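Read top to bottom, the protein sequences are chains A and B. All letters in the first sequence, in the order written, are residues 3 to 505 by our numbering. All letters in the second sequence, in the order written, are residues 3 to 505 by our numbering.
Everything labelled a hint here was simulated from the structure, so no lab data went into it. Mixed in with the good hints there might be a few duds.
Which copy is meant is left open, so a pair is good if it fits within one copy or across any two.
Said to hold, decoys possible - Calculated cross-link-like contacts (lysine-lysine; reagent style DSS-like; alpha-carbon spacing at most 27 Å):
no., residue 1, residue 2
1, Lys255, Lys152
2, Lys178, Lys221
3, Lys99, Lys449
4, Lys399, Lys188
5, Lys449, Lys6
6, Lys504, Lys391
7, Lys12, Lys57
Because the structure is a prediction, the values reported are computed rather than measured.
Protein chains: 2
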Amino acid sequence: MKEKFQELKKRVSEVYAINSASAVLSWDQQVNMPPGGAGARAASLSALEELSHAKFTDPGNGRLIAELYDWAQGLGEDSFEAGYLRALKRDHEKAVKLPPELVGEFSRAVSEAVNAWTKAREDSDFKAFAPHLRKVLDLNLRKAEALGYKNSPYDALLDLYEPGATRAELEPVLGKLAGGLKPVIKKIAARAGSVSNALVLGDFDESAQMDLVNDIVQKLGYDFSRGRQDRSAHPFTTDFSVDDVRITTRTQKDYLPMAIFGSAHECGHALYGQGTPKEFDFTPLAGGASQGMHESQSRFWENIVARSLPFCRWLLPLLRERFPGRFDKASPELLYSAVNRSAPSMIRVEADEVTYNLHILLRFEMEIALLEGKLKVQDAPELWNSKMKDFFGIAPKNSAEGILQDIHWAYGMIGYFPTYTIGNLISAQLAAGLDKDRPGWRELPAKGDFAPILSWLRARVHVHGRKYLPGRLLEKEFGEGVKVEPFLDYIKAKYSALYGFKP
Amino acid sequence: MKEKFQELKKRVSEVYAINSASAVLSWDQQVNMPPGGAGARAASLSALEELSHAKFTDPGNGRLIAELYDWAQGLGEDSFEAGYLRALKRDHEKAVKLPPELVGEFSRAVSEAVNAWTKAREDSDFKAFAPHLRKVLDLNLRKAEALGYKNSPYDALLDLYEPGATRAELEPVLGKLAGGLKPVIKKIAARAGSVSNALVLGDFDESAQMDLVNDIVQKLGYDFSRGRQDRSAHPFTTDFSVDDVRITTRTQKDYLPMAIFGSAHECGHALYGQGTPKEFDFTPLAGGASQGMHESQSRFWENIVARSLPFCRWLLPLLRERFPGRFDKASPELLYSAVNRSAPSMIRVEADEVTYNLHILLRFEMEIALLEGKLKVQDAPELWNSKMKDFFGIAPKNSAEGILQDIHWAYGMIGYFPTYTIGNLISAQLAAGLDKDRPGWRELPAKGDFAPILSWLRARVHVHGRKYLPGRLLEKEFGEGVKVEPFLDYIKAKYSALYGFKP
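With the hints as constraints, model all of the structure from the sequences given.
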């Protein structure tokens, strides 16, 4: 069996070698590629995808998985082999269940939908995008049928990003969260004027911003000998291997938090990637347990660490150094409030940590209604706007700042949005775990001492890679599932103090 | 037949889509990759190479080539189809002739040889590299046997880089060239003090150097919407497609010519790539007719254009702008002499255009002697040193500045060096062609007007891609083969004027 396992590992590692190449091509596309390169790049990426898919779905792999699965589980749930076979079997089953024709049709439809969306958003013209959204919904339904599900087709899609999660479990979680957040949002709105972000608005040299965020991520624990940070239009993290995990950030000349928290966010993703055990490289065990678990890492570093008062104490001298004269009179407290201003807004990616999850709830509810045919595509903008009014008391002027703002649906991704909120919730559970295991950790950032925090995350989360489903990982390490309370408690405590109201 | 041709084209374009991906990975490796990325990158590159080779050597391709070859030639030598089939047949025959075991052994041996060479050069220890050189020679002999040849195994290797060239044809050419150059070198040596390069030595801000060379290559005609220029340890050009041709350069703080002429050189390669007809993309017709023809482009722009007095007239104001104060008192004539100083030196890549080709002759003679067993590897350093003494009157102190200076042999490349000299010779033939077709072109660079020169190269060379063997291309366009006289005349005229001796 051991020999067969080695054979399987070798075969599968070749698939990951191709996927790693694809990741390099995508990174280059977003970071370096001149406009002329687009055509050839699309051809190369599609050739690699086809080769990878063919190699991965080779029936020989299926036979080896079937032969080895029970043997591997017999070595114990925690063994490398058992985790390897669990993760591979899951991925392999999904890959073989999807008919190549559907994959091809999906890929072509998405390519057209992204082009249409780009133009439709520019023109704020939902009608131009509507037929593409219908097509994407139809293809996602067919995908769900091909993958199979028990209760809702949404479950099959959700499972692609958050394995094991279901609509039935998520609904009450998101409902409870929204119920807890809405009063907080109201109280903040009543005192909107009491917090200003003027300190971080102005004119900040962008190359000084890059120097600053390079310093910050290095201090957080990002290893530049196994990665690099560049600029791109939309910040992202990509793993070519455990030892080459790259991040990008975005600088905005007149708004300093963009780069700082964008970098801290991507750094959180990258620390997860760089913390993956070396022996997981080029195996199905590399990568995060789920999108939600990945997002828990990025949100933890971005919000719970970098948007804390102790962090601002450490950050302020760095800002004074990089932007001479600009922060001389500022206090850590002023910086802290400036980077934590909360206000209802139209755009999800610009939302603060209080309002953010309602943007997700809105999308979750709309996706389900659309997928189940309870909402017609042509009626979607109206529902979007009325939900915005209901959640935040504001409504988009047009589709560009409403239903057309996100690229996800054009990319064919239905069921992805909830992972952002799952990440937020878990990030607070991690902080609660640290409170138990390493009391006093919240003050460490003031000294620029992040290593104890990182080493705890390494031991409790990173070391497992994709060995367990996210639910199982939480249960094993923390004895619980995804919970709303830690996050709600965190938000209430932080923002009641900041805005001066009773929690 | 047309349908079959379309089928063949589709199959082959997928191979080029993979090769383009490999090129991106190699570029990233040399330009961006953090040290940690090396392991995964090697695995990805080797996976892609294997896939590309398998797809290319698929017997189906061989059958289609056999079926289509005569039909295509019937459409006329100049037709796309005829050129396509000629180039593809040549490449395909080479690929199928090489047994996969030999390719694998070669690749492993080279990987070890490069590591050994890196260390051996650091330690200036030829003995440590000798066994690897023996292995490389042995594998090259086996490669030559597999590929087949009429007279010398060297021909089979040479043909990989300079299709159609033979040792028997090259020997008299190189001999005649050396005979013409040696007296010039002696005359220059006798007046060594009359030309100084002090003007271009000093302290030049490296980011200003990058701005400068970006300006220069853009002015020469390099299209930044279909390429980019970065820094790397060794400058190179790489084509991902006709519309994404990237160059790199090297800045040296205390020596300005490094970046300027490095960029002009790579720009010459890139103009060839960017000038390839769009319909050649992802076909065997993309790329240069040969290494020598490619080098003729880079040398033409680097030496004949950029090291001319008119070019220096145009360059000087740019230098004054980028390095304020530094060139105020300099004249174009002083700049011209500073960038054309000639002196015997140990290192090929640092050699000037007069002495350069003797470095190549030395390597050509040694490669043949080694390959034919007339020279034992252990005796090679001694022969190297005595040839240096003979050619230049100087001898290396150690192997690092002698026989270990170049990476080519460690890379497994025997028969590559002559292409540099072929390129130099053709570059002078191109200049002579321009003299006929566009009299007065030599003064154009003074006005920064390079477009007429480029458009002539486009029409006479670039437009053909790999449609003809280099010999056939020269014959068709210029009615001649590779000639020594134009280059010798150019060198004699230029350097006798510069150093003040009778030509």
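Evaluation of the provided hints:
Taking CA atoms no more than 27 Å apart as the test, lysine 255 paired with lysine 152 passes in neither setting, with 50 Å inside one copy and 67 Å between copies. Taking identical chains as interchangeable, the C-alpha atoms of lysine 178 and lysine 221 are never at most 27 Å apart, the minima being 37 Å within one chain and 63 Å between chains. Taking the closest pair of Cα atoms, lysine 99 and lysine 449 never come within 27 Å of each other, the shortest separation being 52 Å inside a single copy and 65 Å across copies. Taking identical chains as interchangeable, the C-alpha atoms of lysine 399 and lysine 188 lie at most 27 Å apart only when both belong to the same chain, with a minimum of 22 Å there against 81 Å between chains.
Proximity of lysine 449 and lysine 6 under a CA criterion of 27 Å is satisfied in neither setting, with 51 Å inside one chain copy and 70 Å between copies. Within a single copy, lysine 504 and lysine 391 get their C-alpha atoms as close as 25 Å, which meets the 27 Å cut-off; across copies the closest is 90 Å, which misses it. In this assembly of identical chains, the alpha carbons of lysine 12 and lysine 57 lie at most 27 Å apart whether taken from the same copy (12 Å) or from different copies (20 Å).
This entry does not satisfy hints 1, 2, 3, 5, going by the numbered hints stated previously.
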